[in-house]
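Engineer: Sequence:
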Amino acid sequence: MPHPATMTQGPGAPFAPHLRRLLEFTEPDRDDVCLDVARGQGPMPAALWPQVRHVTAVDALPPPAPGRRGGRMSTVTFGTGLGTGPVRILGGPDDRGRPGTGRGGAPPRHDITTGHRGTPDPVRVRADATALPYRDGSFTLVTARFSLFALGAPDRVLRELLRVCRPGGRLIIADLVRGNLAQPDRDRIERLRDPDHPGTPSIAAVTDLITTAGASIRRLDVFTVERPLEPWLAGARDPDAADRIRTALLDEVDGGPRTGAKPRVIGGELWFTQSWAHVAAEPI
1 MPHPATMTQG PGAPFAPHLR RLLEFTEPDR DDVCLDVARG QGPMPAALWP QVRHVTAVDA
61 LPPPAPGRRG GRMSTVTFGT GLGTGPVRIL GGPDDRGRPG TGRGGAPPRH DITTGHRGTP
121 DPVRVRADAT ALPYRDGSFT LVTARFSLFA LGAPDRVLRE LLRVCRPGGR LIIADLVRGN
181 LAQPDRDRIE RLRDPDHPGT PSIAAVTDLI TTAGASIRRL DVFTVERPLE PWLAGARDPD
241 AADRIRTALL DEVDGGPRTG AKPRVIGGEL WFTQSWAHVA AEPI
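Numbers 1 to 284, taken from full-length UniProt numbering, label the letters of the sequence shown in order.
Think of the hints as simulated: they come from the structure by calculation, not from any bench.
Cβ atoms here follow ideal geometry from the backbone N, Cα and C, with glycine treated the same way.
Certain hints may be false.
Unchecked claim - Derived DEER-like restraints, expressed as beta-carbon distance ranges:
#1 R258 x N180: 11 to 21 angstroms
#2 V222 x R188: 13 to 23 angstroms
#3 T212 x R246: 37 to 47 angstroms
#4 G256 x R30: 23 to 33 angstroms
#5 P231 x D196: 16 to 26 angstroms
#6 R20 x Q41: 15 to 25 angstroms
#7 R188 x R166: 17 to 27 angstroms
#8 R30 x D196: 13 to 23 angstroms
#9 G255 x D155: 38 to 48 angstroms
Said to hold, decoys possible - For lysine to any residue, the following SDA-like pairs were computed, each having C-alpha atoms within a straight-line distance of at most 25 angstroms:
#10 K262 x G199
#11 K262 x R244
#12 K262 x D185
#13 K262 x F223
#14 K262 x R237
#15 K262 x G214
#16 K262 x E226
#17 K262 x G168
Sequences and hints are given; from them, build the entire structure.
Structural biologist: Pasting the structure below:
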């Protein structure tokens, strides 16, 4: 049955039950060095930091448009929060103070070699999601919550997340999905709210994408979430589009055409459903 998306109080901040479910699925370890890649400022860094050694949060930029120059950032300082100093930067200034470069003159990647357990990184890094400024295998835990498909070019983003994940580490993907046999009609509602919505992938499409990118899937958690409509509609770009969504769902409740959102009225409030998946993968 669907799980209601209500809020419960967590240490220092309210956590939705499904964020708590994701944390339990992630199984953070106190020695983990974590990277969270989000579109905007997601809740994962704050949820992870009490349970791990170090967290770095990337506010990810979509890949550059075709013909525009991309590439990794060349200057980022990552603090560890309690006076332990910045992490070491590969290719940084040499003994004579000259800026270093990466292999072949490329911008240097950064090496997360220090940190203090339970200390969030105070610097929020902005970076191209397909060109993260870290060396290979820098993190034992990499998370991407509702960002893999939203950023565009999911295959390239996924390969980059796997590149910075250490062998034996874990990559955790959390995203919207639809059943393998479900029709994509449900995306009509999503695109009314957000015209840039990339489309909801099937469960099989998500798992195939991960294995094709070079990872093995260790665990999979797929479940249905029932949530109130109005807070979700608050993110709609166009008030008229929000009204059309509201009307379509109310029509379905009254026996009209199906939207795929399975709406119902609870306590005088309109609710709808989504399918979410948590996938735990390991670089091969």
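Engineer: Please go over all the hints and tell whether each is borne out by the structure.
Structural biologist: Cross-check of the supplied hints:
As the Cβ distance of R258 to N180 is approximately 19 angstroms, the hint placing it in 11 to 21 angstroms holds. For the pair V222 and R188, the supplied restraint of 13 to 23 angstroms holds, since their beta-carbon distance comes to about 22 angstroms. Look at T212 against R246: about 39 angstroms separates their beta carbons, and that is inside 37 to 47 angstroms. Remark: the range hint 23 to 33 angstroms for G256 to R30 is contradicted by a beta-carbon distance near 52 angstroms.
In this structure, P231 and D196 meet the distance hint of 16 to 26 angstroms, their C-beta atoms being roughly 20 angstroms apart. For the hinted restraint 15 to 25 angstroms between R20 and Q41, the CB-CB distance of approximately 19 angstroms keeps it satisfied. A beta carbon spacing of about 41 angstroms between R188 and R166 contradicts the range 17 to 27 angstroms that was offered as a hint. Between R30 and D196 the C-beta distance comes to about 38 angstroms, which lies outside the given range of 13 to 23 angstroms.
Checking the proposed 38 to 48 angstroms range against G255 and D155 shows it holds: the Cβ atoms sit about 41 angstroms from each other. The suggested pairing of K262 with G199 holds, with an alpha-carbon distance near 18 angstroms, which does not exceed 25 angstroms. Distance hint between K262 and R244 is fulfilled; the C-alpha atoms sit about 16 angstroms from each other, no more than 25 angstroms. A hinted pair counts as satisfied when its Cα atoms are at most 25 angstroms apart, and K262 with D185 qualifies at roughly 12 angstroms.
Pair hint K262 plus F223 holds up; C-alpha atoms about 14 angstroms apart against a cutoff of 25 angstroms. Distance restraint check for K262 and R237: the Cα-Cα separation of roughly 23 angstroms lies within the 25 angstroms cut-off, and the hinted pair is therefore satisfied. A hinted pair counts as satisfied when its Cα atoms are at most 25 angstroms apart, and K262 with G214 does not qualify at roughly 36 angstroms. Only pairs whose Cα atoms come within 25 angstroms are accepted, and K262 paired with E226 is accepted, the gap being roughly 9 angstroms.
At most 25 angstroms may separate the alpha-carbon atoms for a hinted pair to count; K262 and G168 exceed this at roughly 40 angstroms.
When the structure is compared with the earlier hints, violations turn up for hints 4, 7, 8, 15 and 17 and for no others.
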